[in-house]
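Residue numbers (the working numbering), protein chains in the order written: chain A, 622 to 879; chain B, -18 to 47.
Honestly, the hints are just simulated from the structure, not real lab data.
Every residue gets a Cβ at the ideal spot worked out from N, C-alpha and C, and that includes glycine.
Any given hint might turn out to be false.
To be verified - Here are the in silico distance ranges between beta carbons for each label pair:
#	chain 1	residue 1	chain 2	residue 2	range
1	B	E16	A	A868	35 to 45 angstroms
2	A	V741	B	F34	45 to 55 angstroms
3	A	T860	B	A(-9)	16 to 26 angstroms
4	B	K45	A	R728	18 to 28 angstroms
5	B	K13	A	G676	50 to 60 angstroms
6	A	V730	B	W(-10)	45 to 55 angstroms
7	A	L867	B	L26	39 to 49 angstroms
8	B	L(-3)	A	E828	35 to 45 angstroms
9	A	T699	B	N18	19 to 29 angstroms
10	A	E828	B	A1	36 to 46 angstroms
Unchecked claim - If we take Cβ atoms under 10 angstroms as the criterion, some of the chain B residues that face chain A in the derived model are:
#	residue
11	V(-7)
12	L(-4)
13	S6
14	A7
15	T17
16	L33
17	V41
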Amino acid sequence: MTRFLTLLNKEITELMRNGKLIWLPVVLMIIGISQPLTSYYMPQILDMAGNLPEGASITIPTPTGEEVLSGALSQYGTIGTLLFALATMNVIAQERQNGSITLVMVRPVNEWQYLGSKTVAQLALLLLSLILSYCLTWYYTNLLFTPVDWKVMLSSLVMYCFWVLFVVCVTIFVGTIIRQSSAIAGVSLLFLALISLLTTLLPKFMEWSPGNIRGEATKLLVEQQWTESAWTVIGSTATLSLLLFLAGVMVMKRYRRY
Amino acid sequence: MDVLNDINWALVAPLLILQAILAISALVSCIKQKETNGPKWMWILLILFVNLFGAILYFVIGRKNS
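Please model the entire structure based on the sequences and the hints provided.
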């Protein structure tokens, strides 16, 4: 346990040193707040940008607070996922390229502790940024649109955290297989995109799919109740993430050289 | 220019502040860095003029880790 904590400590120092602890929360917050702001200023934006003919009038219904929040969730789903994968891609690849993984592994450290510390540190960072960003977005939504109950906001946030967990586990697992960091990001994004695509194509067979998380979170926001399907999705996502983590440990145990 | 006066700056200010934090931290890190992937002046220009994505790109691929 103390070894795990030492490794975790090292990971967090690493996060601070490469600036991830600053840029990821800030970028996510920017993405988050721009959603309610652009929805709020949409009429002015159209006025300035669109070359509308004289006298044309567009009436845009003011979205409710819940709709704005689910819009923010969809932003996290696209740009956010890209950023998550980019931020996580080189945690292992970098150490393999510069050889410091060998220095760590010759010590009495096993693969569990190594991979666990990486996963926990990344997850903590991403969740921290997501929570900060979502709370800020919620604050703005309450200010500019109809207020959203904090319990609803919190439950959709918890739901969405599972997607982040899944993204981190996928990227770290791919990271144990592939050496090149750009390829890691590419493969994991491709995999995540494939899952989302299959979920939309075959809704009947993919009820358990992690790709449903955003839909479920949106449903939570709009209908304001936990449904049976929400539990299914959460359970399967947590199990899949755990399996991916275990598979990552297995792959690492088989390394002949790092 | 009355559109600009319509905007409630108290609402938009946090967004601008966040962008400034991002750009400044990227710049400081870039200048402190001994070597970057690609010429340093290019990264400084990117961070300053490509909003948001310049700084992200710098942090993701511009830093050379020793």
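Hint check:
{"no.": "1", "hint": "E16(B) - A868(A): 35 to 45 angstroms", "result": "holds (36 angstroms)"}
{"no.": "2", "hint": "V741(A) - F34(B): 45 to 55 angstroms", "result": "violated (29 angstroms)"}
{"no.": "3", "hint": "T860(A) - A(-9)(B): 16 to 26 angstroms", "result": "violated (46 angstroms)"}
{"no.": "4", "hint": "K45(B) - R728(A): 18 to 28 angstroms", "result": "holds (27 angstroms)"}
{"no.": "5", "hint": "K13(B) - G676(A): 50 to 60 angstroms", "result": "holds (56 angstroms)"}
{"no.": "6", "hint": "V730(A) - W(-10)(B): 45 to 55 angstroms", "result": "holds (52 angstroms)"}
{"no.": "7", "hint": "L867(A) - L26(B): 39 to 49 angstroms", "result": "holds (46 angstroms)"}
{"no.": "8", "hint": "L(-3)(B) - E828(A): 35 to 45 angstroms", "result": "holds (43 angstroms)"}
{"no.": "9", "hint": "T699(A) - N18(B): 19 to 29 angstroms", "result": "holds (26 angstroms)"}
{"no.": "10", "hint": "E828(A) - A1(B): 36 to 46 angstroms", "result": "holds (45 angstroms)"}
{"no.": "11", "hint": "V(-7)", "result": "holds (7 angstroms)"}
{"no.": "12", "hint": "L(-4)", "result": "holds (6 angstroms)"}
{"no.": "13", "hint": "S6", "result": "holds (5 angstroms)"}
{"no.": "14", "hint": "A7", "result": "holds (7 angstroms)"}
{"no.": "15", "hint": "T17", "result": "violated (13 angstroms)"}
{"no.": "16", "hint": "L33", "result": "holds (6 angstroms)"}
{"no.": "17", "hint": "V41", "result": "holds (5 angstroms)"}
Violated hints, listed in ascending order, are 2, 3 and 15; each of the other numbered hints is respected by the structure.
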